[in-house]
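Novice: If you want the building blocks of each chain, they are given just below.
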Amino acid sequence: MRIVTVRRISQIFFLIVFLWFCITATLGSTWWQLRGWPINWILELDPLTALATVFSTGTLYVNLLWALVAIVLTLLIGRFFCGFVCPLGTTNQFTGWLARRSQGSAARLEANRHRPLQSTKYYLLAFLLTLALMGSVLTGLIDPLPLLHRSLNLTLAPIADRGLKVLSDEPRFYASAWLLGVVLLSIVGLNLVLPRFFCRFVCPLGALFGLMSRFTPWRIGKTSDKCGDCCLCDEYCEGACRPSGKIIGSECVLCFNCMDRCPAGRITFAGQASAAGEAGLPDLSRRGFVVAGTGLLVASMWELGGLSGANRNPALIRPPGALDEDRFLARCIRCGQCMRICPTNIIQPALLEAGIQGLWTPAINYRLGRSGCQPNCIACGQVCPTAAIRPLSLDEKLGRGDFASQGPLRLGTAFVDPGRCLPWALDRPCLVCHELCPVSPKAIFTRTVFQPIRDGQELSARVLGKSVDLYAPLPKGVNLASGDYYLRVTGHPGAALRRIIGFSGNRLTLDNSLAVEGSQVFYVAKVDIMVRLQRPFVDAIKCTGCGMCEHECPVSGQRAIRVYAENESRSRSGRLLI
Amino acid sequence: MNKTTDEKAAPTGELNRRDFLKRVGYASALALAAGGLGLALFDAKGPAAVERFKALTGLGDFTAKAVASGPGKMAIVRGTDRKVMCEQGIKALGGMEAFVQKGDRVLIKVNAAFATPPSLGATTHPEVLAAVAGLCFKAGAAQVMVTDNPINNPDSCFAITGIADAAQETGARIIVPRASLFSPLSLPNGKLIENWPVMAGALTGINRVIVVSPVKDHQRAMASMTLKNFYGFLGGRRNVFHQDINGIITELSQLMKPTLCVLDGTVSMMTNGPTGGSLADLKETGTMIISTDPVAADAVGVELLGRTLADVPYISMAEKAGAGQADYNLLKPVRIDTKV
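Residue numbers (the numbering used here), protein chains in the order written: chain F, 1 to 578; chain H, 1001 to 1340.
Isolated chain F, as found in the complex (with noise of 0.2 Å):
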C-alpha cells in the first residue's frame, strides 16, 4: 500500500474517532454516552498542554501521561501527529485540497513555498509558554484539540443536533459562541489563502512537535543531491518545508507527498541526512523571541488587575470542584467539555467575566439552562483533562461519608434582592425560591408579614358574620379568594385575621367571623384587606450556591435572588462567615 494511502487512513480514522468520542461526551444511559469511552483521549495526547501545564503546576498530570506517547514517537520519526493525527490537521489538509483541486503546477508551487513567516508559531509557542511559566495557561485558545473540541462541543454540534436531538434533549445554549464559531471559521477559511495556513503560521502545537523532531534519527530526505527540476515534492508538500532543497526538518509534517509524487523515487524517509542538505529550523530571529518574551510583561501585568483577589468578579461562579482562581487558571484548557458535559446546560464560555486571561474558561451562568447545579451530577470534574475542576465525589460535593465534617461544597451564596423579589418589593406572595432549595433543611427560610394592599385601608363594610359587603369597589388585579388574603378590623393591630375564601360583587366570604379581643364584629366595621407574604432569607451556612433559586426565580430579567461567589469553597480571599 503507498504511504500516503496509509496517511489518508489514519487521518480519517483519528479525525472519526476524533467526532466519536465528541458524541459520546453525552450524559445518559445507553452504551455509547459515556460509559467509559476515553472521551479526553485526543485531548491527552496533547504535548503542549502537558508542558504548559507542567511549567505552571510543576507537575504532570495523571491523564496527560498519554502526551509522552506522542512526544517520544515524535522525538524518534518527527511531526507524525500532524500528519498523520490532528483531526484539525486533517480538515485543513482537506479544505486545502478542495481549494486547489484545479490548479496548475505553477500556482501549487507558489501555494507550498516555504515563507519565513512560519516562523510565526515558534514565537507564539515562546509566548504561551512564557505566559504558563508566569503562570497562566493559554495554550489551549489556539492548540488545534482543545480549539476543535471547543468548536465543535460549543457551536457546531449544537446547531447539528438542533434537529436530530441525538445529543440532548433540548436546544444547548452557549453565551458568545458565534465567536468561537468564527474562530473556526476562519481557521478553514484561510485554506483557501494557503494550504494548512494554520498549521503553517499558527500551531504553537506544531512548532512544538517541530522543535521536538530537532533530532529525529529517522527522516525526509533526498538519497541524491542531483535531481531533475519537476519539483513535484514541493508541489505537493503540505508543511512547506521545501523537500527539494535543503529540507526544513521541522517544517515537515509527515504528509509524505514528496515520496510518493518523486518520479525518481529520490526521496525516502530513512535514518540518513538528506543529500541536499537540512535546516533543522527556520530562521528565527531573536528579535521575535523578544516580542514573544514580552509575554512575561504581560503576565505580570494582569496580576496588577488583582482579578483573582481584591478585585475578583463577585458574579464569577465557577463549577463546582474548579480550583483557586490562580490554580484554575494554571490548569484550564478552555477544551469546553464540561460545557458540553453539564446536564443542565448552565457551565458557560466566559468571554470578559474572568478577565481576558480567562477567556473561555468556564463561568456558570444560571440564566441559562434547565435547572440550577443539580446536587446529584459530578460530570464536569470528572470530565475535566488536567484537574482544573478537581474530579469529585459525590460524597465530597454532598458532604456525606469521610466529608460530612467539612460539610457540603459551595459555589458561592444566594443573595435576595429586595427590590426586585415579589413579597419584598411588589406585594405579591411567590417563594418559588424556598420550595426549589434542595438542600436540607432548607437554606432559604421566610419570615411572614401580614401587609395592608394597596386601597385597601379602612374599608367600610357591613359585617354578617362570615359575610362582609364592602362599601367600596374591590381593588382590582388581585384574586382575594387566593387563600393569601385576609381582612382585619382596622386600628387593632392585634385583632384576628380571618382569611378570605370567596368574592362575589363586592361581598367578601371569610373563614371565620371577624373578632377584636375575643369578641365578634356585627354590623359597621371598618376593615383592612391584608396581604400574607412569606419573605424569602437566606441563611448563608447552608447555601450551597447551586443556584436552584436563581434559575427559578420568576423575576424572569435581572433575577431577585441571585448567586455570588462569596464564600465559595475554592477560595479562601472570599470566605464571608466566621
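A hint or two may mislead.
[As the list claims (entries may be wrong)] Here are the simulated lysine-lysine pairs, BS3-like style, with alpha carbons at most 25 Å apart:
#	chain 1	residue 1	chain 2	residue 2
1	H	K1320	F	K466
2	H	K1283	H	K1083
3	H	K1054	H	K1138
4	H	K1191	F	K476
[Claimed, not checked] Going by beta-carbon spacing under 7 Å, a handful of chain F positions derived as facing chain H:
#	residue
5	A425
6	P429
7	S440
8	K542
[To be verified] Now the in silico label distances, taken between C-beta atoms and shown as ranges:
#	chain 1	residue 1	chain 2	residue 2	range
9	F	Q558	H	N1189	31 to 39 Å
10	F	L426	H	N1329	39 to 47 Å
11	H	L1037	F	W178	45 to 53 Å
12	F	F13	H	A1142	41 to 49 Å
13	F	Q558	H	K1065	48 to 56 Å
If you are wondering where the hints come from, they were derived from the structure by calculation, not from laboratory data.
Idealized CB from N, CA, C, for every residue including glycine.
Starting from the known structure of chain F, arrange chain H on it as the hints suggest.
Specialist: What follows is chain H alone, placed relative to chain F:
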C-alpha cells in the same frame, strides 16, 4: 473570447430584435411574478399588537366508561409494600380492567421533578410506577407512556429517580418533554392559564391517563400531591403562577379529568418540601390511595401530612370548580389493610 460568442453578440449600439424580444419577455415575466407575489402577500392591516395562537381549551376527559357516571371510586390501602398495596387497591375497584381495556394507550403522569434518588421521596417511587404500568399491560394496554416536565434536567431526573429503569423493566416508554410537545392552551374561564404552553403533545393518541404522585410537604401550597402534580404539564416560566398558587392548582384541576389517580403515602415528606433532601424529612405513613377523583385523593393525603382542608385551600377550591369531592367519605372508600 471564442468565435461563436462573437457571432451571437449584438453589433455595438444596435439591438438585435430577437434578443430584444427575449429580454422584453424575461423582464415582463419577472415583473408579473413580482406583482403577483406582492398582491398575494398583501397585508393592509399591519401586525397585531400580540401574536395570536390557536389555543387548545383543555387536555380532555380520560374518565373510564365504567365510572363515567355516578360518584368516583376510591380505595385506601394500608401497608408497607407499595406493589402489593397498588395491586390490592386497584383490584378492590374492579381491577385495572375497569379502567384500561385492550388496545388502550395509557399515559402515566409521574412526579419526576428533581434529580434525586427514590429514597428521598421527592419523586414518584419507581415501585409504584412499575406496579401501575405492569397492571396496565396485564389489562391489555397497547402502550404505556410515562412523562413529566421536571424542574431539573429531564434525562437526569428520569434516570436518578429510578423512573427510567422502572419504565424500561415493564415495557413502558418515557416521553421526554421536548419543546415540540408543548402547545398554547387557554382554559375557558381561566384567568391564569391563558395562551400558556402545555405539554399536549404527550397526550397524542392517548386515551387513558393515570396520575401517580407522592405525598409531600410544600411550604407555599402547603401540600404537593395529585393536583399539584398537574403542574408538570405546564411549560414556559410557570413559576410566575406561584403568586396565586391556590388559583393555579384550581385551574390545573380543570385541565383534564384523569382515568385514575394513585397517591403514594407509604412514606410521606413531612418537612422541607417539596425537595426534601434528607431522610429526616420523611415519615412512614403507610397509606396508598387509589382514586378516580383527584380531589378526594388529595383530601386523604392532607391527613397523612397532619393537616386539614383549611390549611390547603386549593382542595376546596378545586372541589368548588367541579374537579371532585373533597369529602372523600362520600365516595365510600374501600379500606384495605395489607398487613393483616
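Novice: Each hint: holds or not?
Specialist: Quick rundown of the hints versus the structure:
1. H:K1320 - F:K466: Holds, at roughly 18 Å.
2. H:K1283 - H:K1083: Roughly 19 Å between the alpha carbons, so the hint for K1283 (chain H) and K1083 (chain H) holds.
3. H:K1054 - H:K1138: 39 Å, violated
4. H:K1191 - F:K476: 13 Å, holds
5. A425: 13 Å, violated
6. P429: This hint holds: P429 (chain F) lies near chain H, its Cβ roughly 6 Å from the closest one there, short of 7 Å.
7. S440: 3 Å, holds
8. K542: 11 Å, violated
9. F:Q558 - H:N1189: 31 to 39 Å: 34 Å, holds
10. F:L426 - H:N1329: 39 to 47 Å: Given range 39 to 47 Å: holds, Cβ gap about 42 Å.
11. H:L1037 - F:W178: 45 to 53 Å: 33 Å, violated
12. F:F13 - H:A1142: 41 to 49 Å: Holds: the Cβ-Cβ distance is about 45 Å, inside 41 to 49 Å.
13. F:Q558 - H:K1065: 48 to 56 Å: 52 Å, holds
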